[in-house]
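Residue numbers (this note's numbering), protein chains in the order written: chain A, 1 to 697; chain B, 1 to 697.
Keep in mind the hints are simulated off the structure, nothing from the lab. Some hints could be false.
[To be verified] Dumping the calculated EDC-like pairs for lysine to aspartate or glutamate here, alpha-carbon to alpha-carbon at most 16 Å:
| # | chain 1 | residue 1 | chain 2 | residue 2 |
| --- | --- | --- | --- | --- |
| 1 | B | K334 | B | E315 |
| 2 | A | K646 | B | D536 |
| 3 | B | K246 | A | E315 |
| 4 | B | K697 | B | E672 |
| 5 | A | K246 | B | E315 |
| 6 | B | K646 | A | D536 |
[Stated by the list, open to error] Partial chain B-side listing against chain A, Cβ under 8 Å, derived:
| # | residue |
| --- | --- |
| 7 | G163 |
| 8 | N174 |
| 9 | A307 |
| 10 | I518 |
Note that the structure is predicted; figures quoted are calculated from it, not measured. Note that CB positions come from ideal geometry on N, CA and C, so glycine has one too.
There are 2 protein chains.
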Amino acid sequence: MREFFYPKSVAVVGVSEKPTNLGRNIVGNLIEYGYQGIVYAVGPNGGVIETRRIYKSVLDIPDPVDLALALTPAPTVPAVLEDCGRKGIRWVIIETAGFREYNDGGRKLEEEIDRVAEKYGIRFVGPNCIGAINMENGLCLPFPRLHRFIKQGEVSMISQSGGVGMSVLNLMANEGLGLDKFVSMGNMQNVDAEDMLEYFIQDEGTGMVFLYLESIRDGRRLMEIARRSPKPILAFKSNIGRLGQKIAMSHTASLTSDDKVVDAAFHQAGILRVRDATTLGNSLKVLEMPPMKGGNLAVISRSGGHAVIAADACELSGFNLAHFPETFLREIEKHFRASVIRLTNPLDLGDLFDLDVYAQIVEKTLKLDGVDGVVFLHTSLSTAENQKSRQLLERLMALVEKYRKPVAYYISAAAQEIADLKQTYPFPIFTQVVETVRALEMSRYYDRQSALARLDEEIPAFEVDREPVRRLIDSARGEGRDLLLSEALEALERYGIPTVRSVSAGTVEEACQAADEIGYPVAVKIIAGQVSHKSDVGGVQLNLRNRPAVAAACEDMLARIHKAYPEARIDGVLVQPMITGGREMILGGRQDPQFGPVVVAGLGGIFVEIFDEAVVRVAPISRRVALEMVESLRGAQILKGARGHKPADIDALVDALLRLSQLMVDFPEIKELDLNPLRLFHEKDGCAALDARMILK
Amino acid sequence: MREFFYPKSVAVVGVSEKPTNLGRNIVGNLIEYGYQGIVYAVGPNGGVIETRRIYKSVLDIPDPVDLALALTPAPTVPAVLEDCGRKGIRWVIIETAGFREYNDGGRKLEEEIDRVAEKYGIRFVGPNCIGAINMENGLCLPFPRLHRFIKQGEVSMISQSGGVGMSVLNLMANEGLGLDKFVSMGNMQNVDAEDMLEYFIQDEGTGMVFLYLESIRDGRRLMEIARRSPKPILAFKSNIGRLGQKIAMSHTASLTSDDKVVDAAFHQAGILRVRDATTLGNSLKVLEMPPMKGGNLAVISRSGGHAVIAADACELSGFNLAHFPETFLREIEKHFRASVIRLTNPLDLGDLFDLDVYAQIVEKTLKLDGVDGVVFLHTSLSTAENQKSRQLLERLMALVEKYRKPVAYYISAAAQEIADLKQTYPFPIFTQVVETVRALEMSRYYDRQSALARLDEEIPAFEVDREPVRRLIDSARGEGRDLLLSEALEALERYGIPTVRSVSAGTVEEACQAADEIGYPVAVKIIAGQVSHKSDVGGVQLNLRNRPAVAAACEDMLARIHKAYPEARIDGVLVQPMITGGREMILGGRQDPQFGPVVVAGLGGIFVEIFDEAVVRVAPISRRVALEMVESLRGAQILKGARGHKPADIDALVDALLRLSQLMVDFPEIKELDLNPLRLFHEKDGCAALDARMILK
């Protein structure tokens, strides 16, 4: 990929003499950004632009070309690529739109392009993109005319959308953030975001990567690269729901993904996810500073009101207000003019107007062991203070370097002064109090989570009976059906996930005998491959207290099923003892199209139905992740025994989750698996799946 | 209050010749802002500043003074006020700090000030504030030196904190929002935020009010004024939790309030609450436009990526993407250069670069009946487009006026251009896509909710047995205790709230007889005034299936209570039939220190324990509000019969809530009332309180 960002020569294909021609903009951008290589203009009509010859084809160029850019009508692109191949060009950017994202004709063109690329070993970015920028060598290839508005820095950006990419460049410029490389990916037909990320995590000039994605090509690879990354990765993933799907498809041919899985995957891979541009700007800024290594914050404020707002924000962000020792407070008190402010954390600077003293106080605060970071809230009272405020800022920057703790600097001042500060100082300037605290929350989260993501955690490998499960699945697939209830429960047992004792019965009499043997009350459930939601059609009857009840239930059940599914083959019923006590959970797994096997855990019953509280993780999971899943449930407190509830057997739940994870990874044929309910008993009493549904691909 | 903002003359008390003197800043501010009245400088040492005589006392001023401002050390303030009184000044601002918010000495000074103010009929703002600004007449009284940085407009601000007020002024200036009046309230010892709001809602120059509050003095009055307000009211209420309490007390002597009640009260009164400065700026901006009258949004975007992000945001904000009729799409299609974009809503402008056409498309969109508002997402591709972008903006402004529908205009451009646009145009300029959509969500919410708040809704008045409840409460208070369980249930019955049949028993034998009569299984509950959480000490025994079980339970219960509360008087036990079926709810009421009686509803059991899902409203409530409470519960779907659950008797629940509301309003002596659980049965089957706890003041 290095050749792509550092070409010695570039051919821009699609240049004409017309003043509105977009290819001309690209040549102009390369000149404006000071590109250090040679640029060739190419266009079928030839001609001259600004004393520069337009070659009719790349084949006419006398010298070697490292990178070609195509911006010609879609139907001409295969031929352009063919010429590039013959010329020996191995890197191409196709900015032209009108391919797969547009219609079937475009899809066919893409296939042609694939053939040409393969024939010549060409790698290409796009189509339907706006190219790339490398601030190091002035390579600037977007077709809108750009002036050099952004400074060079360490952020590299991969954006599926050109327009969003441009607006993030604007945001970065306005926030004073520097760019190293930018690439817009478009349809990602050949080079995809994962390829590009792979390059960026080892690219020398890149210190931090930002991804804007509307779709994810290979989620597992993305996670794997992110986990190896020594550099922070931020991602804005849009196209999260129903309303965005259509436009995303016609914009970058993007398919939607399950947003809960995306969230989990980013979390597991240590990718910091942002959901709006404000948070993006604040995150990029805060990651320029040393991280929050703990949860204890000191707030120092020129305004008591901002101190109150910051304290509220600390509470919402899960920070503690660090304890200020009495000796520290007494030392600080000396600086104050009149004694009209009670000193505490947040520290209200009140009638203290000496900005030199502010820096002294911040330094003393940073020295405290119990302080992991500082929020400094500055209100510039008049333009007369600007010079002193800048000196203060410089001192704070030095203190951050010296103590390696973050000082999040908020300032309220006139817009012009703030814009100027952001341009001048390589240091984050925040302008909203709540966001300042939230930025440190992100710093804290990122510091912890990226370290966890990089751990090489052991994935437990249980000794299980894999073969019988293989046979169950193969035989069901052979018959073109999903697993029967009895088979699904057996598969779980083979993987060491406890299930309730279940006896299959082929006739009503067998069911009654089984019930007699098990002891009353019992539950009876239909076994039928084609009936996927058996409770909805009366296929589950609970609390049957005697033989006649069992017989009646079986007959009633068969009648109902026959009515609802006249075609369904009934394979019998399953008789189970009624299980009481414990708490209903659901566990599950499924194959995600982008991320492969995932596991799910939640409180059962109406919790999962209404509150949608289930937690997802990409499998396989470590013991720590399984425990984290349980801890993330909003009902975790109950399971742990809060408020007089008996603690549940969390070890058993974690064990079941780990085994489920192994099952999902071992058998990609399992499209969906639900253990609903899984009854979780009190500590040491284990758990048992009472019902299971296994859908095959 | 008009005299306060429009004085013909102002005395600034606390001016000296010292260059660092803050009183001098105030005189300077009045000159800079072009104050149209006469300014007198006053200070105990006399002297001259900038050719202006410093009077030693207001009594020395030869002419009448309408408004005095005190900025002298706290201990001197009572004497200053005395002089003001003798001079006949009736409006004073006390900017000095060091009163109640600081220490007990300060509290005593406040008492002295109160006496002087009462003696002379002086009304004062503060202490511990930074004064006021009136942009209409140049009255500018804050002690920091201000340059005229903000334009005149229609927003008036009441800020409890001076510093936050100043930063909001900065924010407004940066966003191009205009100010009419500003007042910082400080400790609100005399004039409070409610007084000021009362004035602003009828003040001619004020078109919109923003409140920043750290505490609420008289919540009911605030609600009542807001409901009468023909103007939008926005509020940022901080000091919402544990961490902010201490600093809020030492900043503006603010007590914390129950934030859920504040939220409910603002909602009921049609006050738009914001929780950070970004949202504040966006809300102020969006309220300058006509409101979103429905939920159907059109998104028109120059970038497909922004369109995707906006579509996601629409989904999160609860908007629909309006349907674009085929005829409309065909008409628009003509404008496009190459046909490479599929047209839909969001509309991707794609390769259409003619800004005139953009305006035509927006107009056609606004004409569609099914469109309630437009989000226009503009990415300025180069500075060369600035002029055309401005023309587009002007046309959009005219279209908003013409069609009376909002067009939320987002632009991505260089910081300088955006700052300039904000200064130049009296029209909101948004710079983040997600926030643009959220702003319209606020517009939609405000339009609906402020209309509802202004409705003069009927509060149902049920015929109830008030007198027996009065006697129960009086007799309990006479004995210095809360209501017994049996009495609390009786009070509910008197108010028409169904309770389970309950028989009091004084002895074990009586309990057994009662159980025999009721029929097994029964529940037995202790009746003891001093035992407030009876289940925690075994004071509730459920599912007793026969006489011996009842006897054993009673004895066990008495033994346990005697052990836990050796001093407690046991008044017997209550025997109730076991109730099965239906769903556990909790209803409740309490007296809020700022807002008076409130009612609470939630799903019972672990829902309320763990998920904290209860909904609060300030009483009394209308039938609509009671129903809204039920609808707001996250479990509302279940109650209404989703997913195969039988619908619950929501009418009965609403009726119980309304009666509870009446009870809470009738008896302010009731500090806390819990119906936990209230069993809510299936449709038409009503509900019944199984247990009740009534705590008196």
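Results of checking the hints against the structure:
Distance restraint check for B:K334 and B:E315: the Cα-Cα separation of roughly 30 Å exceeds the 16 Å cut-off, and the hinted pair is therefore not satisfied. For the hint pairing A:K646 with B:D536, the CA-to-CA distance comes to about 14 Å; that is within 16 Å, so the pair holds. Proximity of B:K246 to A:E315 is assessed by CA-CA distance (about 13 Å); at most 16 Å being required, the pair is judged to hold. Distance restraint check for B:K697 and B:E672: the Cα-Cα separation of roughly 8 Å lies within the 16 Å cut-off, and the hinted pair is therefore satisfied.
Proximity of A:K246 to B:E315 is assessed by CA-CA distance (about 13 Å); at most 16 Å being required, the pair is judged to hold. With a C-alpha separation of about 14 Å, the suggested pair B:K646 and A:D536 falls inside the 16 Å cut-off, and the hint holds. Interface restraint check: B:G163 against chain A, minimum CB-CB distance 2 Å, threshold 8 Å, status holds. Against a cut-off of 8 Å between C-beta atoms, the interface hint on B:N174 holds, since the closest Cβ of chain A lies about 4 Å away.
About 5 Å separates the beta-carbon of B:A307 from the nearest beta-carbon of chain A, less than 8 Å, and the hint is met. The beta carbon of B:I518 comes no nearer than 24 Å to any beta carbon in chain A, farther than 8 Å, and the hint placing it at the interface is violated.
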